[in-house]
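Sequences and hints are given; from them, build the entire structure.
Those sequence lines, one after another, are chains A and B. Counting from 1, one number per residue, gives the positions in the first sequence under the numbering used here. Counting from 1, one number per residue, gives the positions in the second sequence under the numbering used here.
Don't take each hint at face value.
Copies of one chain are not kept apart here, so a pair can be met inside one copy or by any two copies together.
[What the hints assert, rightly or not] No farther apart than 27 Å at their CA atoms in a straight line, the calculated lysine-lysine pairs in the DSSO-like style are these:
1. LYS128 - LYS147
2. LYS204 - LYS85
3. LYS128 - LYS42
4. LYS197 - LYS18
Keep in mind that the hints were calculated from the coordinates and are not lab data. Since the structure is predicted, the reported quantities are computational estimates derived from the model, not experimental observations.
Number of protein chains: 2
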Amino acid sequence: MNNKGILIVISGFSGAGKGTLMKKLLQTYDNYALSISMTTRKPREGERDGVEYFFTDKAQFEQHISEDGFIEYASYCDNYYGTPKAYVEEQLNAGKDVILEIEIQGALQVKEKFPESLLLFVTPPSAKELERRLVGRGTESEEVIRKRLSRASEESEGIEAYDYIVVNDNLEVCVEELHSLVNAARRAPIRRDEFIKEIREELKEFSKGAN
Amino acid sequence: MNNKGILIVISGFSGAGKGTLMKKLLQTYDNYALSISMTTRKPREGERDGVEYFFTDKAQFEQHISEDGFIEYASYCDNYYGTPKAYVEEQLNAGKDVILEIEIQGALQVKEKFPESLLLFVTPPSAKELERRLVGRGTESEEVIRKRLSRASEESEGIEAYDYIVVNDNLEVCVEELHSLVNAARRAPIRRDEFIKEIREELKEFSKGAN
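Structure representation (structure tokens):
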């Protein structure tokens, strides 16, 4: 087994319960680390540099882009948001499975740069249940709910790019499922390259009777 | 979740312990069915038609080939061996996960015809351990052992075609691992096509506010 961690991308519909799931997963198992994004937006009250985000300015962010320092980045409402490569690689090398919670465009960028990354898509059991959860929040107008469902409809077109679909019906069950999918992913050849290389070399040697 | 079972192909080095693993897996869980091969070779004492093999003659086997009745087949020592499609599809439709224990050439034929099949490769923890097991049997000459290791060396070139590599170090642990890999595979988009289609259609409808 390689000692390097797995780069895990988690996406899912707004209302699928990703935030709660991540929190529970990190509380339950100690092999995970959550990636911290870098942003040019100003810190809100209570936000600490290096905890919620790495805060920086536009010039530094663009310098970082030019140095290929991001795993993925995007600009949103005149601010940059990105996943710094250095922090993620440091955690992976320390054997941590690093979770990025990002949207599909970012997920596809990650898969292209890191083919051995694991893409997970979280969904409620049905569209009806997603709507129920959005309505149940009671904080959003009918119009905003329709917009979110319309957004979800667009996002659903990209599901095939993900390695696994996880249905979040019950928090505890779903956390266990996520954890076992990560463990399954460790057995894929793309993440066992060192083992494969080693056994191939040994078999070549042994079949010559050179032991 | 689709109700159809998964077509599982298990390959591995001679000496990896596949036979014992399959037996234990089938004893432990009731979602599996073992595929029965068809052959033109004569039944040996104690072998029953429809249990160890489906026994048939050359003309019938070739008729079956011409009707595309095999998932995969090969000829070996003047006899045909093949996996009849009808039996496997019947079991899959009944919700059983059907296991084919075949070699890499057959495995690749299966993956081509059934892209949603799951290919598992069983290996001992190291080449040294494989050699130790082959020597430990005490039934084979040094020459035969070298031939088997040489065959394993060739087979190892195809490992990347498999979905997962399973290290068989401890029987009980390995059975659990196989079982959890099959369950992980149920969450891959290629095996959730009905769920994806359904949620897409619903989301499209709901985002119009048509509920």
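27 Å Cα threshold - placement of LYS18 relative to LYS197: between (37 Å within a copy, 22 Å between copies)
LYS204 and LYS85: within-copy, between-copy, both or neither at 27 Å Cα: For LYS204 and LYS85, neither the intra-copy (37 Å) nor the inter-copy (36 Å) Cα distance is at most 27 Å.
Same-copy or cross-copy closeness of LYS128 to LYS147 [CA-CA at most 27 Å]: Within one copy, since 15 Å is at most 27 Å while 60 Å is not.
Identical-chain pair category, LYS128 with LYS42, by Cα at 27 Å: neither (37 Å within a copy, 58 Å between copies)
Figure legend: structure checked against the earlier numbered hints; hints not met, in rising order: 2 and 3.
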